[in-house]
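Asks: Protein chains in written order, with our numbering: chain A, 4 to 380; chain B, 4 to 380; chain C, 4 to 380; chain D, 4 to 380.
One or more hints might be untrue.
As the list claims (entries may be wrong) - Straight line, CA to CA, 27 Å or less: simulated DSSO-like cross-link-like pairs of lysine-lysine: (1) Lys261(C) - Lys274(B); (2) Lys337(B) - Lys261(A); (3) Lys120(C) - Lys65(C); (4) Lys120(C) - Lys288(A); (5) Lys261(D) - Lys268(C); (6) Lys148(C) - Lys288(C); (7) Lys343(B) - Lys274(C); (8) Lys238(D) - Lys238(C); (9) Lys154(C) - Lys288(A); (10) Lys288(C) - Lys261(D); (11) Lys238(D) - Lys336(A); (12) Lys46(B) - Lys261(A); (13) Lys274(C) - Lys268(D); (14) Lys261(A) - Lys9(D); (15) Lys261(B) - Lys261(C); (16) Lys337(B) - Lys9(C); (17) Lys154(A) - Lys261(B); (18) Lys336(C) - Lys46(B); (19) Lys190(D) - Lys336(A).
Claimed, not checked - Away from chain C, derived, C-beta distances all over 10 Å, residues of chain B: (20) Asp24; (21) Ile36; (22) Pro38; (23) Glu123; (24) Thr169; (25) Gly175; (26) Glu257; (27) Trp285; (28) Lys288; (29) Val310; (30) Glu320; (31) Thr353.
Simulated from the structure, these hints should not be mistaken for lab results.
Since we're looking at a predicted model, the values are computed, not measured.
The C-beta atom is built at its ideal place from N, Cα and C for all residues, glycine as well.
There are 4 protein chains.
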Amino acid sequence: MIGGGKDAFIGAVHRIAQNIDGQIELVAGALSINPEVALASGKELFLADDRIYTDYKVMLEKEAAMPAGMRLDFVSIVTPNFVHFEPAMMALDKGFNVVIEKPITFTLEQAKQIQKKLEETGLILLLCHTYTGYPMVKQAKQLLKNGTLGKIRKVYVEYPQGWLSTYLEGAGQAQASWRTDPKKSGKAGCMGDIGTHAFNLAEYVSGLQVTQICSSLNIVVEGRMLDDDGAAFLKFNSGATGVLMATQIAAGEENNIKIRVYCEKGGLEWKQEDANTLLVKWLDKPTEIYRTGGSYNSSYPAHNTRVPAGHPEGYLEAFANLYRNFALTVRAKKNGEIPKEEWLDFPGVTEGIRGMAFVENVVESGMSEGKWKEFTV
Amino acid sequence: MIGGGKDAFIGAVHRIAQNIDGQIELVAGALSINPEVALASGKELFLADDRIYTDYKVMLEKEAAMPAGMRLDFVSIVTPNFVHFEPAMMALDKGFNVVIEKPITFTLEQAKQIQKKLEETGLILLLCHTYTGYPMVKQAKQLLKNGTLGKIRKVYVEYPQGWLSTYLEGAGQAQASWRTDPKKSGKAGCMGDIGTHAFNLAEYVSGLQVTQICSSLNIVVEGRMLDDDGAAFLKFNSGATGVLMATQIAAGEENNIKIRVYCEKGGLEWKQEDANTLLVKWLDKPTEIYRTGGSYNSSYPAHNTRVPAGHPEGYLEAFANLYRNFALTVRAKKNGEIPKEEWLDFPGVTEGIRGMAFVENVVESGMSEGKWKEFTV
Amino acid sequence: MIGGGKDAFIGAVHRIAQNIDGQIELVAGALSINPEVALASGKELFLADDRIYTDYKVMLEKEAAMPAGMRLDFVSIVTPNFVHFEPAMMALDKGFNVVIEKPITFTLEQAKQIQKKLEETGLILLLCHTYTGYPMVKQAKQLLKNGTLGKIRKVYVEYPQGWLSTYLEGAGQAQASWRTDPKKSGKAGCMGDIGTHAFNLAEYVSGLQVTQICSSLNIVVEGRMLDDDGAAFLKFNSGATGVLMATQIAAGEENNIKIRVYCEKGGLEWKQEDANTLLVKWLDKPTEIYRTGGSYNSSYPAHNTRVPAGHPEGYLEAFANLYRNFALTVRAKKNGEIPKEEWLDFPGVTEGIRGMAFVENVVESGMSEGKWKEFTV
Amino acid sequence: MIGGGKDAFIGAVHRIAQNIDGQIELVAGALSINPEVALASGKELFLADDRIYTDYKVMLEKEAAMPAGMRLDFVSIVTPNFVHFEPAMMALDKGFNVVIEKPITFTLEQAKQIQKKLEETGLILLLCHTYTGYPMVKQAKQLLKNGTLGKIRKVYVEYPQGWLSTYLEGAGQAQASWRTDPKKSGKAGCMGDIGTHAFNLAEYVSGLQVTQICSSLNIVVEGRMLDDDGAAFLKFNSGATGVLMATQIAAGEENNIKIRVYCEKGGLEWKQEDANTLLVKWLDKPTEIYRTGGSYNSSYPAHNTRVPAGHPEGYLEAFANLYRNFALTVRAKKNGEIPKEEWLDFPGVTEGIRGMAFVENVVESGMSEGKWKEFTV
């Protein structure tokens, strides 16, 4: 693991997600650029002393030289956005599969370089768009894919948060500070941090791709340097249209990502606050409540469910589903086996490139006086 | 009553709304342009034979000549959009107060003429934006007005319906046919029919006015002549921004109008499906559930509530609130009394003009290649 | 109308319920035992001066002598429990159909006398168990009746209120005072006031009858003279069992009556807080959400629905459904027509007798040291 | 770990709960009485070959003889009810702390022996009443404990499941078979399996103890040998009363455990289906929605929360909270430190004895013709 020391948030989440299924063991880490934090964090996590590093480059060098049985199967990069690209490229160069927090890189161009590197090396990459790990999100995708509801007409996706309602970065809050700093976060604030999740969820569930975009971005909190609120109209490659809304200044909201898709015969609704429920609506029949663990679900949600219906699974399980599917695929590849299609259903570099393109396009459209912009990649 | 014969939908709703409080009696009607329907409907409604008319002009003439005690206090116009203006102008000319279904007229220009006529005559007009009659909508408005939540930053309003998911007008369905016909409905379809409700709700609850708009309208169902889906970005006079979504092709949705407003310290959420609940969210405190009938509510919702908390009040009561407040105001005026401020809280010609301006602006913006359009009135 | 003056609660509710459909006109009233209130209330309700009475006996005498066209079709009795029996008997004797607030009488014996009188006179009676007027309650009954869910196994019904959490009667609150006074309310407090509604709902929806009962009643608030809380185990004539809970000291609850019925293949859930929704649960399929106005509903809810799906109907509409069905039946009878079966679906004396038997049995069981008591009528 | 081989359900859940926080490592196991299953399961779980056992007695012997650094810190017993007591006693005798699935033993008498053994050895025991591990359950307990809501008056607890709606045991379904077999499950079926959870939740949240009980148990599915449905009236040591309902034949229900507690000034409501929400109701104020991760929560839920508000935590996290608190306490004890009070908040032998007493009392009361039975321990 690169990054994720004891003062970080997302690193701890990654470790829980790795731990849950008992299939992944953390054995080495360069957990912080602060050497003291790196050492202390490694000790807390029961790493062997000689596998606690204070420099990720050293770690990748040394670990690459280890014998096969001890060698890392993959490297997780959980640093801020601007420190994704270099460690990822080096890890791939050293022959390690890679897990990266989203957004995949700082720029679209970097994402394309990673794609090229993956093609050259044959290695694989997991990008942590966690929401696609929920069983009911997978069920939604399958219901749309198999055509039960008819052709998709409309996609609404929204991601309201409230935690940046005040000028937190002025108070030195760590999470807020790098996310609102263009040098660390990239071209977009809210749209990069959570808009990309909404965008990914829309494309994942619908199976469609955005081809045109018209956005309006705002900086609501005084003094902030990047957008903290915005919305976009979307056109998809099938002719369907959509609306995407993301905000971090919706005071009182927690993390309420939600998607609705309407088709010729009915629609779907899923929201993270009630993650184990998928509403399936019909033009002429009662709405149906699909639930995690239901015997009627398809093989995709079934594979990503751990406990019987009625025992809520949450964010950490969704995250663990990404890791488990990635690990199953890595192991299959290592063993020369063909991974099941359900295992391969995790976000990777393609989603990373789409996400970076979203950031570039949504920002450019936001600054434009024209309405529609081609979604370029 | 003009229009609203036995084959109409909204006329029956108006009559229930008039009846509920026992303060309004229907005594005369030109209920249909079809004389047979007009007569049969009048009989069914227990009208005196000599006050059942087959022509609204004749009715307004004759009723205007009645002695004071028998004379109509007001006229309700519940015809399709293109038959609002002329009967309204004639009714005002004859000295009757007027109730009109929304949208107020066929064009913005006509709405302005009605405003002028109202100013000249001193008569009053009720425009049936029903959703503003709900107690919890009124409570939302009061909470924002008194500043408890701080300055408004963001308004989301949406109105998804599904009933026009198929080409109903092709099958001759009466409700669908005139609403999708530009000659009867006006420049906009979905945006005129329900977008205006969403727009009105946003301006009513927030107390703000839209000053710029960027819209995207769609005709989703093949063969349809007017928009059946659309969305708009909004800028308000305070600097706040918003998103408005309205659609009639969200298969599986009923009539799910919903508004969310976010301010500096918290936010509000109300939706018609759960009309007696208002969520009040806070940055640092538990969300509060305000309920119709709660002892903590302000005088506005209290005045518009009929039964104790826990006995759900619905759409018809909200509608009846418009009529009751209008009737209380008409009576006060008649008696030379000053109406209470709670009574005056009903939509009128100002809202009608704003609504017609919305139709004009949202359609024009929808056709424009530029992003933002000044909201002109 | 007998009772229901301007200081009463339920009288106003009855009048709204009568008004809604424009089929019932209030023409005479003995609205209060206080002559001044009676007169003032009558004037406020636009009654003719000569039909405002200060004594119900005088009213019944005089109105009975009116010519056919002017004669009352029925009399509504909305007085406290202990003033139901005598006016009802006199009204029936004078040839008027009768509407009574529940519970039908003060004692079971009186209820049986009313039944006998109805049989003798051929008149009809409406007992206001409002909750059975909700469209989705009727849909629940039909789904159970037609066997879709298999045989009934379990019935849970509950009615939590919180308004008697303090010693309101000590402060002279009118509603609380008579309801907690054995001389005015009868043998039971909470069980008579709302337990009877829960009991009626259970028998109505399930189509079953209670045959054995085991109850536990409590007086929670110090100083109170009647039960304000309790629960009962139930055995039904089919072998199914149930649990009934009713309380008026659940601080923070409004009026949250709820029923769940489980059968061999699935179950039903309805609650008044979300009155337009009926959950239909299945052993092996997604739960279905039935909604008021849904095209899939049976003729019973359809007949009792006024507006399209998505426009919430509430308590007053449910109440109006009782009145409308009663009025349709009265009119059919008057015209020598056969009422439709959907019209006949309103609670009457049979439900009244069952309700009074419930009061007697639940109180007796509550005082018994034995567990099960035969439910005697 | 004793039990929990690859064909078991709850063993896998325990392992996830152990894994999540990276503080507990599974190093040895007697995972099945079937040696092949035991071996295969051990390999799958990456156990060292010499620590995979086919007999728990051998395991306890051998492991007890290991040097301090390698020695087990505790043993988890996840076998069916009738195989809890002996391994637990032996483990304690050998000096291991113990984790046991609920119910703690087969009989109340055995539970008392375990208590005695714990007192003698000074070892500690975790009993897996998972629902008390939810952050919002802990918040509920704290709100009641600190008196904010006033004195408790009423407790409703219910646990409806539907999975035993058919005669599953007749079809050889493993989970159903032992649970419905008196020789393996004990005196009670539904009441032992889930009624004990409801009972524990009621006592945990309220901080009260049941002193009297009146129950009614049913065998609904033909051929079944133990109760699959039942309810009980409860009296608590404070004078408060309650109702407990548990059923496994509520077709269409998943695992919907729910508790409501009403006090003088307000009430609480929590249900597992919406586990991250706690409703706090007030007599005179809007209901409040407390949420996992809220900054206003007490130190107990805060300690048991892993991710920020809005990222749902579920059943596995609740389970992991039990394990983490147990592990923190074991480690503190090992290190001679004083565990924090938040760590000590996990169910143990006291709860085990109360639960076994519940089984005995609820069954005895169910068979009695008298109403109230003293709750004896």
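Asks: Each hint: holds or not?
Replies: So, going through the hints one by one against the coordinates:
no.	hint	result
1	Lys261(C) - Lys274(B)	22 Å, holds
2	Lys337(B) - Lys261(A)	52 Å, violated
3	Lys120(C) - Lys65(C)	21 Å, holds
4	Lys120(C) - Lys288(A)	46 Å, violated
5	Lys261(D) - Lys268(C)	23 Å, holds
6	Lys148(C) - Lys288(C)	21 Å, holds
7	Lys343(B) - Lys274(C)	37 Å, violated
8	Lys238(D) - Lys238(C)	22 Å, holds
9	Lys154(C) - Lys288(A)	24 Å, holds
10	Lys288(C) - Lys261(D)	23 Å, holds
11	Lys238(D) - Lys336(A)	61 Å, violated
12	Lys46(B) - Lys261(A)	51 Å, violated
13	Lys274(C) - Lys268(D)	24 Å, holds
14	Lys261(A) - Lys9(D)	36 Å, violated
15	Lys261(B) - Lys261(C)	26 Å, holds
16	Lys337(B) - Lys9(C)	24 Å, holds
17	Lys154(A) - Lys261(B)	26 Å, holds
18	Lys336(C) - Lys46(B)	21 Å, holds
19	Lys190(D) - Lys336(A)	51 Å, violated
20	Asp24	7 Å, violated
21	Ile36	22 Å, holds
22	Pro38	22 Å, holds
23	Glu123	33 Å, holds
24	Thr169	13 Å, holds
25	Gly175	18 Å, holds
26	Glu257	3 Å, violated
27	Trp285	19 Å, holds
28	Lys288	17 Å, holds
29	Val310	6 Å, violated
30	Glu320	6 Å, violated
31	Thr353	25 Å, holds
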